[in-house]
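Asker: Sequence:
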Amino acid sequence: MRNVINLQMKLGEKDIGAIELDPKSRDDIPQILRGLQHIYTEPEIRDRVFEILKELLPNRIVGEGKADPNNGRPGMTQWTILVFGVLRLALNIDYDRLQE
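For the sequence shown, the positions run 411 to 510 when the numbering used here is used.
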């Protein structure tokens with residue numbers, strides 16, 4: 411299944427809106443995360459972003475057309491991919507720094 415975001419939270423998981431980011435941090439990562447958090451906590455903006463993410467299905471490896479959103483293994487949600495992509499492109503970093 412290709413989900414935009416998992417609606418069911420796991421044990422110990424914190425809601426995105428409840429995550430506290432240091433407003434005095436001079437690092438660039440918390441600033442970008444604060445912007446993504448704003449997108450997530452504003453229902454009107456979040457719904458528009460989720461609609462766009464629903465349309466952005468990957469192409470099939472074999473065959474033509476888009477992948478079926480109802481088939482496939484569970485994995486990273488499209489929201490998670492968006493967050494990683496925004497951080498990677500906005501900061502011009504590699505995946506090693508992103509992992510930290």
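The set of hints was computed from the structure by calculation and includes no laboratory data. Wrong hints could be hidden among the right ones.
[Claimed, not checked] Each computed DSS-like pair below joins lysine-lysine, with the alpha-carbon atoms no more than 30 Å apart:
| id | residue 1 | residue 2 |
| --- | --- | --- |
| 1 | 464 | 424 |
| 2 | 476 | 464 |
| 3 | 464 | 434 |
| 4 | 434 | 424 |
In this text the structure is predicted, and so the values were computed from the model without any measurement.
Asker: Does each hint fit the structure? Answer for all of them.
Answerer: Hint by hint, here is what the structure shows:
no.	hint	verdict
1	464 - 424	24 Å, holds
2	476 - 464	12 Å, holds
3	464 - 434	35 Å, violated
4	434 - 424	22 Å, holds
Hint compliance for this structure: hint 3 is the single one not met.
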